[in-house]
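So the sequence lines, in the order shown, correspond to chains W and E.
Going by full-length UniProt numbering, the first sequence opens with residue 1, and the numbers climb by one from there.
Going by full-length UniProt numbering, the second sequence opens with residue 1, and the numbers climb by one from there.
Calculated directly from the structure, the hints in this document are not laboratory data.
Here a beta-carbon is modelled for each residue, glycine too, at the ideal position from N, C-alpha and C.
Incorrect hints may appear among the rest.
To be clear about the criterion: a stretch of chain E counts as covered by chain W if any three or more of its residues have a C-beta under 8 Å from a C-beta of chain W, and this derived list gives those stretches [unchecked claim]:
#1 25 to 35
#2 224 to 233
#3 254 to 262
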Amino acid sequence: MNGIWKLRNKNPLLGILLWVYAGLSVYPLLWMIFYSLKNNNEIFVTNPFGLPTHFRFENYVDAWSKFNVPAYFTNSVLVAVATVIGTIVLSVTFSYAVARMQWRLKETARIYVVIGMFIPVQVIMIPLAILVRDFHLANTYWALIVPYIAFNISFSSMVFYGFFRSIPVELEESACMDGASIYRTFYTIILPIIKPAMATMVIFVFLSSWNEFTMALILITKESLKTLPLGLLFFQGQFTTNWGAMGAAMTIASLPTVLVYVLFSEQVEKAMTVGSAVKG
Amino acid sequence: MRKFLGNKAAILLFTLPALLLYTVIVFYPILQTFYRSTFEWDGLSEGTFIFLDNYIRLFQDSIFYTSLYNGLVFAAILAFVQIGIGTVLAFAVAEGFRGSKILRISYFIPVVLSITVVCQLWLAMYNSEYGLINKVFEALGISYRQDWLTDSKTAIFAIAFVNAWQYMGYQFALLLAAVKSVPEQYLEAARIDGASKFKAHLKITIPMLAETYKFCLVLAITGGLNAFANMFIMTGGGPGNSTYTLTYLMYRSAFRVGEFGYGSAAAAFLVIECLIVTLAINKLIARERITF
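Okay, chain E solo, but in the shape it has when bound (with noise of 0.2 Å):
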């Protein structure tokens, strides 16, 4: 039997196709992007080791604060927007309402749509003549129009709100698995307490739900702070570069000027910032393990 799981020629044919693939597309690569991020690249030939200066730029560029500032936005919107409307909807889904399942699989619909196809249609809902949003504005007799996408003040709000929309569904599902995972008798307790449903939840099932609230977190965070094709495909950075995120900055700098050791600065910047962001999450919340 040991010899049986033991052998060593199954164990490598079984991992190294795997452990290669990975290591070098995955792996690999994350390696280098800090290492030519202390690069004045082009992406052709060697280049020439400058060390910081990438980042001495980076930290004295404005675009950088404005792609910060994005990411920051973008992520916070999507936390709130996703993390708050899934609790509603997960807990009140638990409940078993009639066409549960309906609900479930529409809320999730928009998970499965490409990222392409839902910024075709919010650009077109967007819209300022005939958009669907100003035209709702209209059948309600309001006069309100706005030039969502064009305004430099509301342009990353709005594509921000599409990427909260399209995964909603995907933190929902999250959310309704962990809330049915709840042991019944504690709500049961609970109530014999005298606790109201509010009341129960609120002491009871959300604290138990500390670490499904961490992982969607996290996911929500660096989710905002990576966004990309939203903004490549909804407004190009614009108007001016109001709507650049981090993974634009670099996407522009090494694909479209051409320089390859700025953006990998850029990029590494990106790792440094989401590891930040997952650590402090990981700390802030639910120091100690909950138990059943």
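The following block holds chain W by itself, in its conformation from the complex (with noise of 0.2 Å):
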């Protein structure tokens, strides 16, 4: 916007408003990380709100020794991985298929795969129930990787299917006259220039795959085989008396997933603004 209505417009008073709510934003997420370096008395009485006066590490080693973190975290990176390679080399041949081939039907499955996004999980929990059951799937790692997989295709191939439109044909008719296979050229050609798009959507599919509840609480009964947001479930109960190891625990589960926004902010806000914008 104008440079001098800029400067004469930039109001202090929203200047503080904005500081406000980045505070109430982050300062939860804050108390969290203190608390998990305090003890119960701290937390409750003498210091609830501020920095812990020292760092009691061992809340961490409580919470990874005596509980079950560990299991739950080998889970969590389990079924994300095993989610984001799904993902992307089913969404990324689909979206090549759709944006690039030449086939009659193309449009309609564009259209029916995109359907998808409007889906809500919750209301089709009782029939995924059933055949997670029916295939002999429940209480296995598949209960959760497939249909974290059949989830995101919708999402991700949009992304791509946008990226795929913005590359000149040219590409393909040079890969053609030089006698290269469509599957050579998918991937020693194709797959290179949308790697930026890839990147995105593994982080994105990494994030949503790495915090999903709903479906892994109907999935998953086995405690072995539990993710964490399914596992802290029940930390409430089993840490009343250790406030502090809770904290460590809560802490260790949100560790991967705000490192790799705060590393990779702008990748992932592209990717959500583009899905609204096609969208619209």
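The two chains are supplied separately, each in an independent frame; assemble them into the complex guided by the hints.
Below, the structure written as structure tokens:
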């Protein structure tokens, strides 16, 4: 926006408001990290708000060794990594065929898959639970990986579709002249071009599968297969005597997503806004 | 070239796995939800066809009306809080304040936290004895105390606020991207005509964001109507049935009581409700598409 206007209108009150809301947004997270380093007495009585007076890292040792945190963490990593790989492979190939190749029903196929973005997980929970049971996937990692991939296909296909449409056709033309097969062209020419889009979707799919709660709740009952969001659910009861350890477990669970976001904030936000722009 | 990009085998290989998985896991279940809502069904046997009886029962269930009301309260709070605050913050950040990158990241951080972590945190903050919020009142010397989650009047608001707080950053990011995409010359023209900044935004920027607002509203309202995890973790539907939503009702019916047909009817109703809301929003906002 216009430079002069900008300067004259830079309202200090607005600036304060911006920082106050930033505080409201981040403080609960900081509070959690603070109390992960305190003991119960500090949390409840002597020092509920501020920085810990001395850092009790033993809370982290407690959370990691006495409770199932390592198992939940491993499960979350496994499920998230498999989901990311599966989603990217299936949606890159699908959207390539829809955006670049020539066949009659491509537009129908694209719209059919986009509809999935409007179907909330909640309304298909019952049939999904039955399906997972009937396919004998209940209480295996596949019970989460397969639905997570299926649900992420719609959004990531749409994002890849947008990218594929922006590449000039001459690329395939020249590859075709040189006698390359479609597979080879796809693998050695097209895939490298859309690497940035793939990086964005890797982050996005990782965040969503790492934090997914509702499907995990319905589809996983076995303790040893629980992911972090599910495992943490039962900490309130277990940790009533040790709040610091609970804070530590929650901090451990949040660390990967917060780190990924802080490092790749632009890509994460780009991925989401692409979604809304295409939809509008 | 035609043969190259029309390679049938390649098309099949590229599209079939995705289409198959999507059809079985996402698309087919939605049809099943409607089909099974006409059955009395325990999830194991075939069930008996009872046509609309589940729906009739739903409309006679007092919990259904509580759930419906709560869904609407949830949706309204999400829409007002997220879009209201999101709009103010997005317009302000677009001005380019010092540290706007830190601000953007701060607003978005709650979005990337697990809903379990957020709910556990707020459970601790809402706690009537040692919770942070009552402690703030104490620190300010106000003798006001509130059992936020155990009072059936305040519980649904307290829960909805947590969700509104967590996902405000998402709406903010959408709005910020949209505000930044408005061409400068429109605002410059308004300035030359002597319009104040506030007025220029009201008359020019906001109408130009109609499509984004539509999307944000649909997101907030359907998000509110579908709310589940927040009440599951924070109150378990209580106190009494006061924080039930339709999804929670569905979850209880199917996975706790074993009435899968009845649960499916609640889910089917939810689909219709969301569809009506989406269509209504599309009809009400920006009937003429604004072109640049």
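Unmet hints by their number, sorted upward, for this structure: none
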